[in-house]
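All chains, full assembly: derive it from the sequences and hints.
There are 2 protein chains.
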Amino acid sequence: MLYISNKDLEKIVVLDDIMDCIEKAFEIYKSKNFQMPDRMHVDRKEGTILYMPCFTETVSGTKIVSTFPDNINNGISSIQGTMILNKSKTGEPIAMMDGAMITAYRTGAVGGVGVRHTTRENCTSVGLVGTGVQGFYQVLYACQARAIKHVYIFDLSRKRADQFKERLLLKLDGVQIHIVDNTHDLVKASDIIITATPSESPVLPDDKELLKGKHVIAIGSYKLAMRELPQSLYEVLDDLYIDTEFAAEESGDIIVPVREGWFNGERIKVFGQVFSELKKPGSETRTTLFKSVGMSLFDLLVAEVIYNKAVEKGLGQKLGE
Amino acid sequence: MLYISNKDLEKIVVLDDIMDCIEKAFEIYKSKNFQMPDRMHVDRKEGTILYMPCFTETVSGTKIVSTFPDNINNGISSIQGTMILNKSKTGEPIAMMDGAMITAYRTGAVGGVGVRHTTRENCTSVGLVGTGVQGFYQVLYACQARAIKHVYIFDLSRKRADQFKERLLLKLDGVQIHIVDNTHDLVKASDIIITATPSESPVLPDDKELLKGKHVIAIGSYKLAMRELPQSLYEVLDDLYIDTEFAAEESGDIIVPVREGWFNGERIKVFGQVFSELKKPGSETRTTLFKSVGMSLFDLLVAEVIYNKAVEKGLGQKLGE
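Line by line, the protein sequences are chains A and B. When we follow our numbering, the leftmost residue of the first sequence carries the number 9, and every step to the right adds one. When we follow our numbering, the leftmost residue of the second sequence carries the number 9, and every step to the right adds one.
To be clear, the hints were calculated from the coordinates, so they are not data collected in a lab. Hints should not be assumed to be uniformly reliable.
Because identical chains cannot be distinguished in the list, a pair is counted as satisfied if it fits within a single copy or across any two copies.
As the list claims (entries may be wrong) - 25 Å max Cα-Cα, derived DSS-like pairs, lysine-lysine:
id: 1; residue 1: Lys196; residue 2: Lys326
id: 2; residue 1: Lys216; residue 2: Lys38
id: 3; residue 1: Lys97; residue 2: Lys173
id: 4; residue 1: Lys38; residue 2: Lys53
id: 5; residue 1: Lys40; residue 2: Lys287
id: 6; residue 1: Lys220; residue 2: Lys32
In structure tokens form, the structure reads like this:
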């Protein structure tokens, strides 16, 4: 069994490869050649723990990931996790890695695939609301998918935004990073807007004119009570993509707009279903939303590709019998 | 995070300590001061995968364990698993160990606690039906709980029985090990009879006179379709203990006898409930059955005690960031 640390992951992960891997996952999702049991939730007073198993022909695996919001007050990441990878045929465990990092890499890559296929090709600016771990990787992948020159960031805490900017500067070359004071300025300045917050009320201005022509990538809301996006966005949307059917059952950003009649549910496109028919984006101005809630198939395929690369490169720590 | 290999486990595990730990688990079970979600099953064509989470005040953890019967034909253990231990307050993973070994140690210890409290104190012989990994540890713990002089073993495969005897000899001092040709001879010769098979029909003779006065520890059946014990056993039983309430809902060895009227369900004692009131067994001859199906609380407490000892002794492999 191989333990792959976060330092090893850094050496292994190539953003384009992970986005390609997510595209492969969308193809498998469409082919139905996998088994993905309903994720299991456990509620504790500290937060939620999710168990996300998935099985393909070659590998099976489980991500266990907890979200304990108060951790931040103690300087500990709110998301903690473990990803276990097994051989499908025998059940033997073959690798372990940090489930929080796998979540960050794969969620970033899902957003990046959204950027690749739902935003116009000449986008040069990204705005990010919410400067957590997820937001960080969303920006990295967005900058990989498009020739981004400017990144605008907003967070309720200025201190967090400053620290975030410092970390981002270490990773992005030739990109200017601006901290903005409000989301109005952020939306105005950005071609692509990424929301990555646990908010229960909209974090973008409820302003049609402002939102028209923007590309939104929303990854925060994964429960009915969670919502990041305002009503007007849905009223100006040309296309609404969801990464999986579950988004329409789980996220307040899809359930509420359909229920309230802001957007016709029949117009929603499931990404895995339409993926092979999508035209390469041109420079046409459309208003789009790509909403992701994720699924364990993403984690499994990303973990598999990382494991295979670790073996190829001789990375990882062998665990004794 | 600490990885504790099976070699480390060997150095850490003291059978009496693990049995004490199981007794502590029975006390916590009674106090209800824990959270144990329903275990999640996934059925694959190769077998079953179980996800078993549990939470106490100090630690939380998850055992993932698969049972793929055909593995044996490829020289691979049918039971494969991973045990992850986390801090309860933050969700941070603190240790990983082999879930199959934890299962073996804790299931053996549960059987051993059954022997400690439900068999007469002057038992000197144990008979084992089923020479898998579970059976191995059942015998070790039984020999620890009573001054056993003779162990009788039966398996459908003589080759497996021979190999089992060799392995057992390395672990047991001053005990004679006999391979028997049939379970009639095994029951006749043994004070304590342990059944550890995946059988769907009784593995012991349906013979009241033979079974009277015996102490049965049954650990094989965990589904309705699985049964190890014959009707006559229930008709001569003085006491029927189950380790947890789940046994009455899950095991064919409890469900069928109650449904068929072989044993009055109201006479069944849940071990955790009666544990504190049990008298120390004397030399009185009674006919007893202790039926275990296990629960994740056992795994969690055993993993916690092993982790604490590993830290104390400086054992285990530190996993890099």
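Going down the list of hints, with the structure as the test:
Proximity of lysine 196 and lysine 326 under a CA criterion of 25 Å is satisfied in neither setting, with 50 Å inside one chain copy and 49 Å between copies. Taking the shortest alpha-carbon separations for lysine 216 and lysine 38, neither the intra-copy value of 34 Å nor the inter-copy value of 59 Å comes in at or below 25 Å. In this assembly of identical chains, lysine 97 and lysine 173 lie within 25 Å of each other by CA distance neither inside one copy nor across copies; the values are 45 Å within and 30 Å between. Within a single copy, lysine 38 and lysine 53 get their C-alpha atoms only as close as 37 Å, which misses the 25 Å cut-off; across copies the closest is 21 Å, which meets it.
Proximity of lysine 40 and lysine 287 under a CA criterion of 25 Å is satisfied intra-copy only: 23 Å inside one chain copy versus 58 Å between copies. Taking the closest pair of Cα atoms, lysine 220 and lysine 32 never come within 25 Å of each other, the shortest separation being 31 Å inside a single copy and 63 Å across copies.
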